[in-house]
Amino acid sequence: MLKRYFQPEIETMSPEDIKALQSKLLVQQVRHVYENVAYYRAKMDEAGVTPDDIHGVEDLYKLPFLSKSDLRDAYPYGLLAKPLSECVRIQSTSGTTGRRVVSFYTQHDVDLWEECCARAIVATGGSSEDVCQVAYGYGLFTGGAGLNGGSHKVGCLTLPMSSGNTERQIQFMRDLHSTILCCTPSYAAYIGETLKDMGLTPDDIDLKAGIFGAEPWTEEMRHDIEKSLGIKAYDIYGLTETSGPGVAFECEAQDGMHINEDHFLAEIIDPDTGEVLPEGSKGELVFTSLDKEAFPLLRYRTRDICVLHREKCSCGRTLIKMSKPMGRSDDMMIIRGVNVFPSQIETVLLKEGYAANYLIEVDRVHNSDTLDISVELLPDQFSDTMRDIEIREKKLAAAIKTMLGISPKVHLVSPKSIARSEGKAVRVIDKRKLHD
Amino acid sequence: MTIKQISVYIENRKGRLAEATRYIADHQINLKALSIADSQDFGILRLICENPQETNEILREGGYLTRLNNVLAVSIADKPGTLAGILDVLAAAEVDVEYTYAFLSSKGGAYMIFRVTDNAAAQAALDASGIHTASQEDIF
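Line by line, the protein sequences give chains A and B.
Residue numbering for the first sequence follows our numbering, beginning at 1 and increasing consecutively.
Residue numbering for the second sequence follows our numbering, beginning at 437 and increasing consecutively.
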């Protein structure tokens, strides 16, 4: 049976009721965290706040923020709020120890995450009649696990494809009549191109919808994907820190993503002052997990810049909407769905014996991200044989791939050929037009 | 005997080779031989000139990445099979040739430059076969 909503009682709840639910959950959650997470308790003590000061969402501003550096300091167990014996899963971002996020889940946490993803699938018209092809990476990455679980909850026939082997993806898509595709937008675009290369058209497949996230994409890219695959393309938002994809999802209106605010309380702050901004302002998105048990982050700064809107949506959902992220308040880039910090690349360069004179260039060619890294050769690293230099380039590219999880193209250049700047060095040129 | 070769790193950028050769000309450096190896990304300019040490310094001052190497220069007789004969000798001595190129000396005669993995072993093998390797003075 076709349902409009996966959990109508939540998705169409009145704003007053949602606020009351959030307040109730927040009070419990703050107590849970205060009692079980010494790291956050110390932060609250330092700020002079106790659980008794939190009576509802109106008191949220009193709580201290958490940021990526807290995750680093507390890695791996410092923010864990449940004994490991009650945890059933971890998911993780790529990257090195310092930058890696390891998130823990109890069965309750897995269930709520999968329900969030299920809401996203139903919002695209998904039901138990559908065949859902999950072409996000499986494993530590949250993409595969989240949508896989959501698809099960909806009752779709789930194809756990993981990413890659594109011709096989298309073969399964045709043989098993997939109707919903879940992957990164750049991979969706690539599947579209491959379909064409194979001499096929959208008429040869049964896809009707796609759920694409884990990296920024534009309206133009949406249009390309929709055309090449003959589908309607929906955005989905999430981060490993909060659970994974499904924190927010797009509905048929394709105009912003509904936040699953019964689980994730959103705020917009001024990234410089930390001051909470009124609804409709552009600023940094901050999330508080209202009922996650194992890894309940309070006021986690996402560094994504966006706008929140609560207005009547044509889909009938009352959940608040967030715009597509419009940028970052830090230097993190998302390249081929992977979080990349310039400092990670710098670490590899120094470790491999290069100077910290480099330039990172990111572009998007045919809807696929490119990563080019120019590095200055030091005089004693130069050899007169081509082979030695090519080996150097390959070795450096491999070391960077090990660090980031994605392959760069390395260019070794002459000393002093990378422009020096008087002030803050320009290390990154991102030519992608990710924000409309 | 070996002679000195200067290698210059040239990244693949419009006008970079022109800049380098203009710089060499502006410093009144006369090139005896030149060879370029290139990949998609970068090239290596290999030069033989009369005052290699001094030229190397001048290039470094100009910000170029250089390397001074000893390479073998072998006089090549003007008849078929000469190069093959030399390569046979090197192969028999298990010396690998990294690269080779030819030039004409203004004193007359043709030379081939050999950059090998082991100069001493190559030298010994060529000497034993009666193949003469040129010194800096032979060429200039």
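Careful: at least some of the hints might be erroneous.
[To be verified] Using C-beta positions, here's what the derived DEER-type ranges look like:
| id | chain 1 | residue 1 | chain 2 | residue 2 | range |
| --- | --- | --- | --- | --- | --- |
| 1 | A | K433 | B | E486 | 51 to 57 Å |
| 2 | A | D197 | B | E530 | 44 to 50 Å |
| 3 | A | K433 | B | F576 | 54 to 60 Å |
| 4 | A | D330 | B | A527 | 54 to 60 Å |
| 5 | B | E530 | A | D204 | 57 to 63 Å |
| 6 | B | A513 | A | M198 | 54 to 60 Å |
| 7 | A | L378 | B | F576 | 29 to 35 Å |
| 8 | A | R420 | B | R496 | 56 to 62 Å |
| 9 | B | N466 | A | E167 | 32 to 38 Å |
[Claimed, not checked] Here are the simulated DSSO-like cross-link-like pairs (lysine-lysine), alpha carbons at most 30 Å apart as the crow flies:
| id | chain 1 | residue 1 | chain 2 | residue 2 |
| --- | --- | --- | --- | --- |
| 10 | A | K3 | A | K43 |
| 11 | B | K468 | A | K416 |
| 12 | B | K440 | A | K416 |
Calculated from the structure, these hints are not laboratory results.
We treat Cβ as the ideally placed atom computed from N, Cα and C, and that holds for glycine.
### Task
Take the C-beta atom of K433(A) and the C-beta atom of E486(B), compute their distance, and say whether it sits inside 51 to 57 Å.
Given about 54 Å between the Cβ atoms, the range holds.
### Task
May I ask you to test the hint 32 to 38 Å on the CB atoms belonging to N466(B) and E167(A)?
58 Å, violated
#### Entry: Hint check for F576(B) and L378(A) - Cβ pair distance inside 29 to 35 Å
32 Å, holds
### Query
Between K433(A) and F576(B), is the Cβ distance one that fits in 54 to 60 Å?
At roughly 58 Å between Cβ atoms, F576(B) and K433(A) fall inside 54 to 60 Å, so the hint holds.
### Message
Would the hint linking K3(A) and K43(A) be met if the CA-CA limit is 30 Å?
### Response
At roughly 44 Å apart (the allowed maximum being 30 Å), K43(A) and K3(A) break the hint.
### Query
Could one say that the CB atoms of D197(A) and E530(B) fall in the range 44 to 50 Å?
48 Å, holds
### Satisfaction of the hinted span 54 to 60 Å by the C-beta atoms belonging to D330(A) and A527(B)
Holds, at about 58 Å.
### Query
E530(B) and D204(A), beta-carbon distance inside 57 to 63 Å?
59 Å, holds
### Query
Taking 54 to 60 Å as the hint, is the beta-carbon distance of A513(B) and M198(A) inside that range?
This hint holds: roughly 59 Å between Cβ atoms.
### Query
Does the Cβ distance between R420(A) and R496(B) fall inside 56 to 62 Å?
19 Å, violated
### Message
Next pair to validate is K440(B) with K416(A); report whether the Cα-Cα distance is within 30 Å.
### Response
26 Å, holds
### Query
Taken at face value, is the distance from the CA of K416(A) to the CA of K468(B) at most 30 Å?
29 Å, holds
Hint check: violations occur at hints 8, 9, 10; the rest are consistent with the structure.
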